[in-house]
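Engineer: All chains should be built: construct the whole structure from the sequences, respecting the hints.
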Amino acid sequence: MEAAKKLEEVAFNILKQAVIYLPDDVREALKKAYAEETSATGKTQLKAILDNIELAEKYQAPVCQDTGTIIFYIKAGAKAKNLDKVEEAITSATRRATKEVPLRPNAVDPFTGKNSGDNTGKYIPYTNWEIVPGETLEMTVMTKGGGSENVCVGGMIVPGEGIKGLKKFVIDAVVKAGAQPCPPNILGIAMGGGADISMKLAKKALLKPLTEHNPDPEIAKLEREIFEAANMTGIGPMGLGGKTTVLGVHIDYAYRHPASFPAAVAFNCWAARRATARINADGTVDYLTHKLKW
Amino acid sequence: MMAIYKLKTPISEEDVRKLKVNDVLYVSGTIVTARDQAHRRALEFFKEAKPLPVNLEGLAVFHCGPVVSKERDKWIAVAAGPTTSTRMDIFEDEFIKDFKVRVVIGKGGMGKKTTDAMAKYGAVYGAFTGGAAILAAKAIKSVKSVEWLDLGTPEAMWIFEVEEFGPLAIAIDSHGNNIFMDVAKSVEENKQKIYQKLGITP
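Those protein sequences? They're chains S and C, same order as listed.
Using the working numbering, you'd call the opening residue of the first sequence number 1 and step up by one each time.
Using the working numbering, you'd call the opening residue of the second sequence number 1001 and step up by one each time.
Treat the hints as calculated values from the structure; they're not laboratory data.
Be careful, since some hints might not be right.
Said to hold, decoys possible - Keeping only pairs whose Cα atoms sit at most 25 Å apart, straight-line, the calculated BS3-like set for lysine-lysine is:
{"hint": "1", "chain 1": "C", "residue 1": "1193", "chain 2": "S", "residue 2": "221"}
{"hint": "2", "chain 1": "C", "residue 1": "1197", "chain 2": "S", "residue 2": "114"}
{"hint": "3", "chain 1": "C", "residue 1": "1112", "chain 2": "S", "residue 2": "176"}
{"hint": "4", "chain 1": "C", "residue 1": "1197", "chain 2": "S", "residue 2": "176"}
{"hint": "5", "chain 1": "C", "residue 1": "1018", "chain 2": "C", "residue 2": "1144"}
{"hint": "6", "chain 1": "S", "residue 1": "47", "chain 2": "C", "residue 2": "1020"}
{"hint": "7", "chain 1": "C", "residue 1": "1144", "chain 2": "C", "residue 2": "1074"}
{"hint": "8", "chain 1": "S", "residue 1": "99", "chain 2": "S", "residue 2": "221"}
{"hint": "9", "chain 1": "S", "residue 1": "47", "chain 2": "C", "residue 2": "1008"}
{"hint": "10", "chain 1": "S", "residue 1": "6", "chain 2": "S", "residue 2": "221"}
{"hint": "11", "chain 1": "C", "residue 1": "1120", "chain 2": "S", "residue 2": "176"}
Claimed, not checked - Non-contacting residues of chain C with respect to chain S, defined by C-beta distances greater than 12 Å in every case (computed):
{"hint": "12", "residue": "1041"}
{"hint": "13", "residue": "1138"}
{"hint": "14", "residue": "1143"}
{"hint": "15", "residue": "1148"}
Cβ atoms here follow ideal geometry from the backbone N, Cα and C, with glycine treated the same way.
Structural biologist: What follows is the structure in structure tokens.
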């Protein structure tokens, strides 16, 4: 297969995988939440979520009608070939998926309010690049729902308040978000760097599987602490009350300026859609998060 | 204790007033989608005494922008979960008063103004699980018609024929009860306990 065509094929496949099949770790976390939820109304919500996940698979339809903003993360080996063709391939894969899966057209010109109709437009789909040693190209897609995006917050903590200030910042964000981000949610939290860097790290942290915790035991402890605190709020599934408000918490950080303590909280809805594939130097493709079912 | 109700449109005020918060409702019959733009246009029509494309009395209005596809001139609802209802709070009290819809379906809940209108005119808010788009689509037996397609597919008014559409958690009833407002109140109380546990001074 021609190189550009292959890139498009892989981008299309992971996009289709992401919108239809929830990752195993998210599915398992939802099942566990259903088993443990004590609120009757909360339980009906989790049951509907689990039924819906099965139906989406059965009918090969998008798990949520909001097929989100499409964001790609590329981990490119410095010696990988055809890097100049990646963004174009992503755009054409997005157009094709919009028509064939289908996806809801979600790209709107902020000035005219006009929907492009094919999920593409200026900077959209957005591509994040990371250059690493090697010859392989790893491609990840996240389709990010609007409801959970609307409650993401970035801000500045008083440096003197330190981690305690971060904890308050996160809990206040969860309480304020309430039912809006389709709980149970996954929280990506980051601090340091700068206003843009913390938000970027927070959002990227949403790509980590729920089974993975920060390798630094101190940060893993903080993840646990915020996880437990968020689940004490009582917001519950869909904000109807209950003990399952978040499914997991991931924290990342960058060093900060002595005078600034940027912090960011990125929310993901329970329909935490992501998929990854790797194109090897010999042209073979490994689908890393999902089996290719078509 | 929560009860399960199955109602068919047109739903009477008497029937809707039987529903209490935490009950579960399944609706059969006709439901009509309306998001921000369709709400705005419907209220304008009413002011100008222009009839709506469909009489909404006794029907359910659904806050939803579906994924649709067209096969041989026939529309199919592929995925149709609810959108966040709070955006429609600015319209809903008038909408309920003017058009006598009996059920409002969405996610995330609605505020005091809507709760008061529901109590006054007899309507309920049924929370459908956010993101459960295929569960919703499978209860949609056919797309009867689409109106106001000039607003774009998410904002257009889709008229769906549904069978046992649900489960809808009755989160606002016609007696002034609102689960979302109750939860918000207890969450605020819980927040103080969380602050204490984390050693945060508010």
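Engineer: Could you work out which of the previously given hints the structure breaks and list their numbers from low to high?
Structural biologist: 2, 5, 8, 10, 11 and 13
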